[in-house]
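Asks: Here the structure of chain D is known, so what remains is to put chain X in place on it, guided by the hints.
These protein sequences, in sequence, are chains D and X. Take the first sequence: its position 81, counting from 1, is numbered 81 in this note's numbering, and each next residue is one higher. Take the second sequence: its position 21, counting from 1, is numbered 21 in this note's numbering, and each next residue is one higher.
Source of the hints: derived by calculation from the structure; they are not laboratory data. Just so you know, not all the hints are guaranteed correct.
Between beta-carbon pairs, the in silico distance windows are [what the hints assert, rightly or not]: (1) Glu84/X - His107/D: 33 to 43 Å; (2) Glu4/X - Gln32/D: 23 to 33 Å; (3) Ser106/D - Asp113/X: 38 to 48 Å.
Virtual Cβ for every residue (Gly too), placed ideally from N, Cα, C.
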Amino acid sequence: MIEELDMHLLDLVQNALSAGSSRIDVRVICDQAADRLTIRVADNGTGMDERTLETVQRGYYSSKSEQSVGLGIPLLRETALHCDGRFAIESKMGEGTTVTAEFRKSHIDLPPFGDLVATFLNIIVTADARYVTITYQCDGNELELDTAALSELLGELSFQHPEVIRFLKAYIAERVNKEVRRTG
Amino acid sequence: MKLEELRQIRERASKELSLRKGNARIKVVIGMGTSGIAAGARDVMAAFLDEISVRNLTDVVVTQTGERGLASSEPVVDVLITGEPKVSYGQMTADKARRVVVEHLVNGNAVTDFVIEVRG
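For reference, chain D alone in the conformation it holds in the complex (with noise of 0.2 Å):
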């Protein structure tokens, strides 16, 4: 199963590109005084009812179910909650969804980041011609990404082209691998 937190990120982002999202927001904030983690992903997608976000949440799901979307949210919520932390989704029909899981930074059982660089990379390279913002700030490392930034300096040049590629996988590295550092 899902077992690692970007690969939450990753699946939210898909949800946000099945809702037909033209802007997705993702966020992974550390605050380090409060020991709280939290990431969020925020869309402008079709959105849920409050049925459908109540299966969505509990995770009833058939076999007759046509909604195959949002699988990983229940596994999501049962890790946040586990981890001292808070889950939350809003959703309004028409404007988008905004879903919000907090965990407490220190706890034994909170999951490991994963392979963010790949992750943030995934998505930033496949945002096509959606406007999608990452931001990223734990541990003393910051990274901020904008894809209608990207298509300014870009142009029409792929956001794929393979000296792209290679040079944004090196920017996300750079940002999000740093060593912690102290001050003092």
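Replies: Using the frame of chain D, we list chain X on its own:
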């Protein structure tokens, strides 16, 4: 590294016949639904992107799709080449993805060991 360096890449690339948005001969579609991700689709995607950049392939685009209802075959990858039938691969791994890049995308021969469906 500064994001501005992308401008130089753009200038260099503008002098060659290179990949522009919405214009690629080969399309790789990776199933990134929940079961695909759980089965390892992240690493498969990473391997495709890595091979494309290392081998300087300028006519390939990688995209993703949701659940395919093929849970037991995940991760599933479709390869669509202009003028050829669609080839679907199942139970992919990063290593298998690298083989598909070399043998199928570069040399034009589907890797029959991993093929689960050919259509069209």
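Asks: Where does the structure disagree with the numbered hints, that is, which hint numbers, in rising order?
Replies: Violated hint (a single one): 1; every other hint is consistent with the structure.
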